[in-house]
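Top to bottom, those sequences are chains A, B and C.
The working numbering numbers the first residue of the first sequence as 128 and each following residue consecutively.
The working numbering numbers the first residue of the second sequence as 10 and each following residue consecutively.
The working numbering numbers the first residue of the third sequence as 135 and each following residue consecutively.
Just to be clear, a hint being listed does not mean it is correct.
Said to hold, decoys possible - Below are the DSSO-like pairs computed for lysine-lysine, each with C-alpha atoms no more than 30 angstroms apart in a straight line:
no., chain 1, residue 1, chain 2, residue 2
1, A, Lys836, A, Lys779
2, A, Lys372, A, Lys310
3, A, Lys1056, C, Lys142
4, A, Lys161, A, Lys183
5, A, Lys506, C, Lys142
6, A, Lys984, A, Lys1029
7, B, Lys65, A, Lys1048
8, A, Lys183, A, Lys277
9, C, Lys142, A, Lys450
10, B, Lys65, A, Lys180
11, B, Lys65, A, Lys919
12, A, Lys701, A, Lys688
13, A, Lys379, A, Lys352
14, C, Lys142, A, Lys718
15, C, Lys142, A, Lys160
16, A, Lys160, A, Lys372
17, C, Lys142, A, Lys161
18, A, Lys161, A, Lys195
19, A, Lys545, B, Lys65
As the list claims (entries may be wrong) - DEER-style ranges, computed between Cβ atoms:
no., chain 1, residue 1, chain 2, residue 2, range
20, B, Met38, A, Pro650, 37 to 43 angstroms
21, B, Pro41, A, Asp500, 52 to 58 angstroms
22, B, Phe13, A, Glu375, 44 to 50 angstroms
Because the hints were derived from the structure by calculation, they are not lab data.
By construction, the Cβ of each residue, glycine as well, lies at the ideal position given by its N, Cα and C atoms.
Given next are the chains, with one letter for each unit.
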Amino acid sequence: MVEVGRHPNIELITLGEILKVDGEPGNFTATIKKKPRYVDETKCIACGECVKKCPKKVPDPYNAGLIKRKAIYVQYEQAVPLKYAIDPEHCLKLTKDKCGNCEEACPTGAIDYGQKEEILEINIGAVILSSGFTPFNPSEYDNYQYSSFKNVVTAMEFERILSAAGPTQGEILTIEKEPKHPKKIAWLQCVGSRDINRAKNEYCSSVCCMYAIKESLIAKEHLGKDFEPSIFFMDIRAHGKDFEKYYERAKKEGVRFIRSRVHTISEDPKTETLRIGYLTESGKVEKEDFDMIVLSVGMTANASARQVADNLGIKLNRYNFVKTDDLMPVSTSRDGIYTAGVMQGCKDIPQSIVEASAAACYAGMKLADARGDLVKEKKFPVENSIKDQSPRIGIFVCNCGANIGGIADVKSIVEYAKTLPNVEYVTENLFTCSQDTQTNMSEIIKENKLNRIVVAACTPRTHEPLFQETLRNAGLNPYLFEMANIRNQCTWVHSKEKEKATAKAKELVKMAAARASLLEAIPDISVNVGNKALAVGGGVSGITAALSLASQGFFTTIVEKSDKLGGAAKHIAKTSNQEDVQTFLADIIEKANNHPNVEVLLNAEVTDASGFVGNFETNIIHNGEEKTLSHGIGIIATGGDATDTEEYLYGKDARVTKWNDFEKAFDKADNPQNIVFIQCVGSRDENRPYCSRVCCTSSVMKALDVKKKFPNTNVFILYRDIRTYGEKERLYKEAREAGVIFIKYDLENKPIVTSGKKYLEVKVFDPILQTNLLIEADLINLATAIAPSDNKKLAAAYKLSVNEDNFFMEAHAKLRPVDFTTDGVFVCGIAHYPKPIEESIAQAMAAASRATIILSKSSIRISPLVSSVDKEKCIGCGLCVEVCSFAAIILEDVEGKGLRAKNIEASCKGCGLCAASCPQKAIDMLHFKEKQIFASIQAAA
Amino acid sequence: MAEFEPRILAFLCNWCAYAGADLAGVSRMQYPSNIRAVRVMCSGRVDPSFIVRAFKQGWDGVLVAG
Amino acid sequence: MSRKKEQKNIGAVMVAGGGIVGMQSALDLADSGFYVYLVEKSSSIGGAMARLDKTFPTNDCAM
Chain A
128 MVEVGRHPNI
138 ELITLGEILK
148 VDGEPGNFTA
158 TIKKKPRYVD
168 ETKCIACGEC
178 VKKCPKKVPD
188 PYNAGLIKRK
198 AIYVQYEQAV
208 PLKYAIDPEH
218 CLKLTKDKCG
228 NCEEACPTGA
238 IDYGQKEEIL
248 EINIGAVILS
258 SGFTPFNPSE
268 YDNYQYSSFK
278 NVVTAMEFER
288 ILSAAGPTQG
298 EILTIEKEPK
308 HPKKIAWLQC
318 VGSRDINRAK
328 NEYCSSVCCM
338 YAIKESLIAK
348 EHLGKDFEPS
358 IFFMDIRAHG
368 KDFEKYYERA
378 KKEGVRFIRS
388 RVHTISEDPK
398 TETLRIGYLT
408 ESGKVEKEDF
418 DMIVLSVGMT
428 ANASARQVAD
438 NLGIKLNRYN
448 FVKTDDLMPV
458 STSRDGIYTA
468 GVMQGCKDIP
478 QSIVEASAAA
488 CYAGMKLADA
498 RGDLVKEKKF
508 PVENSIKDQS
518 PRIGIFVCNC
528 GANIGGIADV
538 KSIVEYAKTL
548 PNVEYVTENL
558 FTCSQDTQTN
568 MSEIIKENKL
578 NRIVVAACTP
588 RTHEPLFQET
598 LRNAGLNPYL
608 FEMANIRNQC
618 TWVHSKEKEK
628 ATAKAKELVK
638 MAAARASLLE
648 AIPDISVNVG
658 NKALAVGGGV
668 SGITAALSLA
678 SQGFFTTIVE
688 KSDKLGGAAK
698 HIAKTSNQED
708 VQTFLADIIE
718 KANNHPNVEV
728 LLNAEVTDAS
738 GFVGNFETNI
748 IHNGEEKTLS
758 HGIGIIATGG
768 DATDTEEYLY
778 GKDARVTKWN
788 DFEKAFDKAD
798 NPQNIVFIQC
808 VGSRDENRPY
818 CSRVCCTSSV
828 MKALDVKKKF
838 PNTNVFILYR
848 DIRTYGEKER
858 LYKEAREAGV
868 IFIKYDLENK
878 PIVTSGKKYL
888 EVKVFDPILQ
898 TNLLIEADLI
908 NLATAIAPSD
918 NKKLAAAYKL
928 SVNEDNFFME
938 AHAKLRPVDF
948 TTDGVFVCGI
958 AHYPKPIEES
968 IAQAMAAASR
978 ATIILSKSSI
988 RISPLVSSVD
998 KEKCIGCGLC
1008 VEVCSFAAII
1018 LEDVEGKGLR
1028 AKNIEASCKG
1038 CGLCAASCPQ
1048 KAIDMLHFKE
1058 KQIFASIQAA
1068 A
Chain B
10 MAEFEPRILA
20 FLCNWCAYAG
30 ADLAGVSRMQ
40 YPSNIRAVRV
50 MCSGRVDPSF
60 IVRAFKQGWD
70 GVLVAG
Chain C
135 MSRKKEQKNI
145 GAVMVAGGGI
155 VGMQSALDLA
165 DSGFYVYLVE
175 KSSSIGGAMA
185 RLDKTFPTND
195 CAM
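Assemble the whole structure, with the sequences as input and the hints as a guide.
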């Protein structure tokens, strides 16, 4: 978030509303209405004095209305921009012309009641819409009793209750006069989802099962052993990567899962205990009491997003989400306008992030010729060398209005600082971060020939970059700078102990000055980048990624193991929205074969690789010949396929098929009586404890096809949970309406298939009828697990990790779903996790987008805070190589010395694990050198 | 005699624990003032010898958080 | 490459919505050579994810 706020090429327009977009793709004009903030952003320093004086309390939407905030507010403490805003509907000054307290309280004169609405026009080439969703509001539906009983809360509210920064500081309490820790909490699933009777939302919101499990587990962590969480559900949809393991963990840790339909919620008026009445799977009526009920509310299309769609003239789908095609995910009905996230349909965070990058990729492809036209880069004066100079420290102590100055005695800190070694100049500022102080600071540095700067103020996490820029403006290296955190970690947390706070602040300044004396100038590092790409795998993902890069001018080589492009998609007829996959596949294969920027190598395999971001060398065997490819980035798209099984007579009886072999068997069948689909064959068990994600949808679609052709054929789907997530739920509904019979089975009680003369006999226990059924099946189709290709060799070549199930592990499950911890390599498609074609396409484009960040530059600047190896001390033991998670240190042969460690600056993240592990102390970390750290430890000892 | 008050040195990871300490400030949580933080880029940077060194120099307690 | 349009494409993109998705799109584009206008209807960016306590399966902090 902070990165967005500080980016020189991202302009934030807050309180903005898009009125219209005119023009053509590549050259649009957007008209935006910017509402007044009533606070001058350039003056507000977010000290919070205004809030203290504001008399008007308003329900706080950030905390789901659980508590109140003031009419002048920031949404939350880490908000970007961290600038206050006045809520014009509630402010007494703006509504009734009374009050004016905040204007008086503001130390910088930032309050401006006279601000007016502005209309802005901006010129752009493309638009990305990502306006999110609105949580389902259960208050109108009396069956949930949300409005009547206090202890019925929504999951969003419960999320805030769990949060350490929330209204109860993370303590879970019932909502009543004398709050207590709840002993029993029930989560009710599918509130406002999969509900055509009341909420009229037939789709599945896709995320609620997992967040309910998460909330129940965290509540358990908070409340301990005696706490009893229960989840009332229809199907648990743990269809994402590593979700099934999380579900299993929850079961082990004592979360109770009750497959049921809840019919009433009532409250004991005296004890305020809540009672849930429900029907079990077998139709028994039960009731149970709880202290609290959490409604797992679904996601609905945003009203304001709808407004934007109307203003921009783009089409919405039947659920009011932005309409896209499966084979063109994230493209809206208007050329040049793209969409991502839940605005397009219900999905979780990683999938939303994938789409965000995919949308960026589309925009980048559209505007490839204008890349770099409008970006700005800051210019700084030439750096003065401080070599051979003794330290001359300048210290700037900030009052931060009253935030520091009101608690600590800043004058005495200044006097104290003057007595410290090497200190040449000390001053205090009301606000060190203000624009005019920055200009002054630059002059002071030059006048006094200062060569180390200490700012005693807030935190380096927010302000270090600002001050470093000032140093650069004054011709100093930015690393000759240190901050003493005397606000966040001193006056704010010791506000009642003024003397102690002053004493601590002095020590913090002393530590900072001691460290500053030893700071060294660190030159910028940049590495040159080769602008070719390599895609490993020639399925839909690999081809899509390659074409996306090629169309932006980056030459891409596709290395495909087999003798054909197409991968797993070769066997897929259509997407869940009935779009034709084979035509699409033929089209992209032809494009790949004919594109001047794409090279296709069939019968080719990667053997090993070396190098780092921007500079990879990969060895391959192509048609038996060895070759070396040089490339700047790599995309891993090795895919996966349906596994074989030994269960259910597969391979022994031709009437038992898997996946799309069914179509062939079915084409031959003449008016079959009974057809059985068995789900989770080899998925969600001990060997493969994951859900293969696509099988439920696929079998439901096949079942519908059967019903269409032979309406009288009985079709049975034997399942464990039906996971037709998101809008695929509609197919499940259609299948039930078409008469497809769904029978749930358990892992402990699997169906049994035996071969009869005329039929295949399928025995299965029906939990609704509570009896064993015998089905005489003409055909059986198995949804066998989807497994990845053998990725071990490739993982070793690029130092990537795979999870227990052999799928590649991304850098972060939520926030970096296509990156690896190894920079410059990206993952997409089934190599990452089983997924339907539309998600593979989006992920491939996302990988291309991430790759473009590197390929679009001739060199990339990297953080110079890296390890440095003393080759004289190093004994080549290799411990550092072993501990490094980023493949940023290698052993190289130094003539006459043997093996010696060598750091790869471009890959180093500066964590320092190698330095801490080195038995010879041959590795030190720039800017966090041992002597620098010791200096501060010693200064305050 | 005043009650013994230990002096505690804390190595805080820039990305989590140090950020957490900042957030404690933003939330105005109050805690004793006898702790001094040293920011590191990762708790992995903390060589066990740093801890020994700190004790030798007279710190009474060392916290490594990350 | 010959272009029919006389006018060249504009190297800027408008991203509507300052949640986690908008931020990701904006960063990808700004880091690969485009100027980005990030339009957010409320007073600060962050969206729904900033309200979450933790995220599964790693139980990481949502911030």
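Numbers of the earlier hints that this structure fails to satisfy, in rising order:
Numbers 3, 10, 11 and 16 - these are the hints that the structure violates, sorted from lowest upward.
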